[in-house]
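J.: Spelled out from the first residue to the last, the chains are:
2 protein chains.
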Amino acid sequence: MTDANDDGPLVVKVGGSAGIDLDAVCDDLAELWHAGTRVVLVHGGSAETNRVAEALGTPPRFVTSPSGFTSRHTDRATLEVFEMVYCGSVNKGLVERLQRRGVNALGMSGLDGRLWEGQRKASLRVVEDGRVRVLRDSWTGTVERVDAGLLEALLARGRMPVLTPPGCSVDGEAINVDGDRAAAATAAALGADTLLLLSNVPGLLAEFPDEGSLVRHVAAPELDAAMELAQGRMRIKLLGAREALAGGVRRVVLGDARGAGCVRRALAAQARASRVPA
Amino acid sequence: MTDANDDGPLVVKVGGSAGIDLDAVCDDLAELWHAGTRVVLVHGGSAETNRVAEALGTPPRFVTSPSGFTSRHTDRATLEVFEMVYCGSVNKGLVERLQRRGVNALGMSGLDGRLWEGQRKASLRVVEDGRVRVLRDSWTGTVERVDAGLLEALLARGRMPVLTPPGCSVDGEAINVDGDRAAAATAAALGADTLLLLSNVPGLLAEFPDEGSLVRHVAAPELDAAMELAQGRMRIKLLGAREALAGGVRRVVLGDARGAGCVRRALAAQARASRVPA
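Going down the list, the protein sequences come from chains A and B. Under my numbering, the first residue of the first sequence is numbered 1, with each subsequent residue one higher. Under my numbering, the first residue of the second sequence is numbered 1, with each subsequent residue one higher.
Chain A on its own, in the form it takes in the complex:
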């Protein structure tokens, strides 16, 4: 069940923040798909999770690791709201948008079939008020293995995989994994040519939030320095970019998902070069 197509697929990650135009993203992905590009879509759902969590009485809590990365604190109650929104609302909303456009999309989480497997980190070191604390009841982890064979089998059957956290711990627990880094691991496992990370900013901004300070390209050796520029979520995207490049992905594109033609524009803006356009 391997695919006859030698080119790796295109892996696209689209975030779940305000302003992101999922209809525009799906318009472009359908066009690429119908033209013969094999696409794997990975998505987030953070803003919607916050909204539903508030409504259900379990407001979100964000924590910062000692190395400066910010993430959602996923206790068990949060994990369950997270699954409702990511696997329910957002995943099925994207699959329906794609099906409406004639793309036979198939949504699943990284828990399903152990697609994204890794170790659970049940306790988490965080910095609060300048002090390091340990949080228990954490349902998080990092993707260490991707079942590329399952994705290839779905692509070979004409299905576009639409993937979302959570992943699956070695012991079979649902774990919140970072979507950008999971997309990077998926791109590496599939031998993707391009990983496209779409968000609600134009890309890496040297002086966030000034969109005029967009950094157009970053060569792979300069990624560590670029990570120093990045704020918040963008730092994790660059971490994902570095992991994808280390895993053999040829280029990583950071694109803007706001407005029509966003995928096409992001892919066209960059020459095919072995670097990280940002």
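If a hint is listed, it holds; no wrong ones were tucked in.
If we take Cβ atoms under 8 Å as the criterion, some of the chain A residues that face chain B in the derived model are:
| no. | residue |
| --- | --- |
| 1 | S109 |
| 2 | D112 |
| 3 | A174 |
Don't read these hints as lab results, they were simulated from the structure. Heads up, the beta-carbon is just placed ideally off N, CA and C, and yes, glycines get one too.
With the hints as your guide, set chain B onto chain A.
T.: Just chain B, lined up with the frame of chain A:
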């Protein structure tokens, strides 16, 4: 990618009503799976959907068709809550329970990959206060085609499919489909030997809710008469049973999902006969 095993798989539908013990169901399914039985699990999530819908300010509305079947009125807002609970909470909760028990479960909805395809009924005739009315904005339909090849491919890869509404309209819309009837269509498409419909009652009760009035067997020709006895959801289960038998499934078992050993007990209670034990 067809399976070498000549026996059809076991298709189990478990409802989402109060009292159903999903841990007990998963214990038994894991035991069957590890012993070599190929299992496809279909589930509901009605009680939890009501709870979340209330909390999110879109309380459920149930309607009765002119032929006497009761169902949820699924307008667009309801569909979206429905997807959160069925595809998010309940589906991932079951997949995680199975993964914890060493079963490589893979959850998907009938929308995914057009697994369960049928025509949408955008308007619905219902009886209210003795009068027939037409409701618009209905996102419902009936499963007409099941992609058995996709399920066989997943089984051949060692994955247990865990399936849930919604289904997919011919036009690619998400549609609420009845879980019992979708399970029946799935069992027929897979050439299943047995369809097991688990709920929170012992089976068909001649005098509902008196559990002493349990009807132990119904031969296929007597199903129409038995349907006259049935109340509420049980009528739809019997409709599903009739459809499964008409589709070639050898027996349909109505079982009680309350308590340990429920699947084993339901399957053991019935001799292998071409009838509907109830």
